[in-house]
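Go by the hints and put chain Y onto chain X.
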Amino acid sequence: TQLLEQSPQFLSIQEGENLTVYCNSSSVFSSLQWYRQEPGEGPVLLVTVVTGGEVKKLKRLTFQFGDARKDSSLHITAAQPGDTGLYLCAGAYDYKLSFGAGTTVTVRA
Amino acid sequence: NAGVTQTPKFRILKIGQSMTLQCTQDMNHNYMYWYRQDPGMGLKLIYYSVGAGITDKGEVPNGYNVSRSTTEDFPLRLELAAPSQTSVYFCASSYSSPLGRGVNTEAFFGQGTRLTVV
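For the record, the sequence lines run as chains X and Y.
Residue numbers for the first sequence follow my numbering, so the first one is 15 and each next one is one higher.
Residue numbers for the second sequence follow my numbering, so the first one is 464 and each next one is one higher.
Just chain X, with the same shape it has in the complex (with noise of 0.2 Å):
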């Protein structure tokens, strides 16, 4: 059972548009975390989200924290092909960081 269920689990866009990927949970968090993953090489954290409520910009990435603490989305405005790698969301419990299963994202020219 995954703690974090992220959706969509693919998203095939065209450059120049916008995505959401969204990453809910039943846990509260005390904080999350968004890493993005190219293939053949290890998950790089992009940001954390600490408070409830909290938005959190990266040039054209936009993340949020749900008041409750338990859901987070992660934004793509004007999309770029470099943006294309897989996203996962990831949450602590107990000493635990554990993992959703990812959003594939593509971003086609």
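Keep in mind that the hints were calculated from the coordinates and are not lab data.
Bear in mind that the values here come from a model prediction, so they are computed numbers and not experimental data.
Check before you lean on any hint, since a few could be wrong.
List time: in silico DSS-like cross-link candidates among lysine-lysine, alpha-carbon distance up to 27 Å [unchecked claim]:
| id | chain 1 | residue 1 | chain 2 | residue 2 |
| --- | --- | --- | --- | --- |
| 1 | X | Lys-110 | Y | Lys-472 |
| 2 | Y | Lys-477 | X | Lys-84 |
| 3 | X | Lys-110 | Y | Lys-507 |
| 4 | Y | Lys-472 | Y | Lys-507 |
| 5 | Y | Lys-520 | Y | Lys-472 |
Just some of the chain X residues that point at chain Y, by a computed CB distance under 8 Å [stated by the list, open to error]:
| id | residue |
| --- | --- |
| 6 | Ser-41 |
| 7 | Pro-53 |
| 8 | Leu-59 |
| 9 | Asp-97 |
| 10 | Thr-98 |
| 11 | Leu-102 |
| 12 | Leu-111 |
No residue lacks a Cβ here, since even glycine has one placed at the ideal position from N, Cα and C.
Positioned in the frame of chain X, the structure of chain Y alone reads:
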């Protein structure tokens, strides 16, 4: 600036063989993790360690063992390899507990070991 180093990068094992996946980090991190990644399944936690001499099971520990004799090293042992253990294995480390509210909680990952059991 090595970070987290995993060896080997690729390995083919026969059913019933055993092997050790090596992981070392040079960042003086207390927390270390082993994950496996199967296609479309994200990362599943196998074992983790909160410091030298302390290890605990994650979500999918069966068929694996770990040890943490030093802060730097966290090897993963596979005994009696089975086809179900075919996967990509990632080692990761972080300075602080992931329960910490965003301070030094980033997990740094190695490049992975692609293991095939035939």
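Comparing the hints with the structure gives:
{"no.": "1", "hint": "X:Lys-110 x Y:Lys-472", "in the structure": "holds, 25 Å"}
{"no.": "2", "hint": "Y:Lys-477 x X:Lys-84", "in the structure": "violated, 43 Å"}
{"no.": "3", "hint": "X:Lys-110 x Y:Lys-507", "in the structure": "holds, 11 Å"}
{"no.": "4", "hint": "Y:Lys-472 x Y:Lys-507", "in the structure": "holds, 19 Å"}
{"no.": "5", "hint": "Y:Lys-520 x Y:Lys-472", "in the structure": "holds, 24 Å"}
{"no.": "6", "hint": "Ser-41", "in the structure": "violated, 13 Å"}
{"no.": "7", "hint": "Pro-53", "in the structure": "violated, 11 Å"}
{"no.": "8", "hint": "Leu-59", "in the structure": "holds, 5 Å"}
{"no.": "9", "hint": "Asp-97", "in the structure": "violated, 19 Å"}
{"no.": "10", "hint": "Thr-98", "in the structure": "violated, 17 Å"}
{"no.": "11", "hint": "Leu-102", "in the structure": "holds, 6 Å"}
{"no.": "12", "hint": "Leu-111", "in the structure": "holds, 4 Å"}
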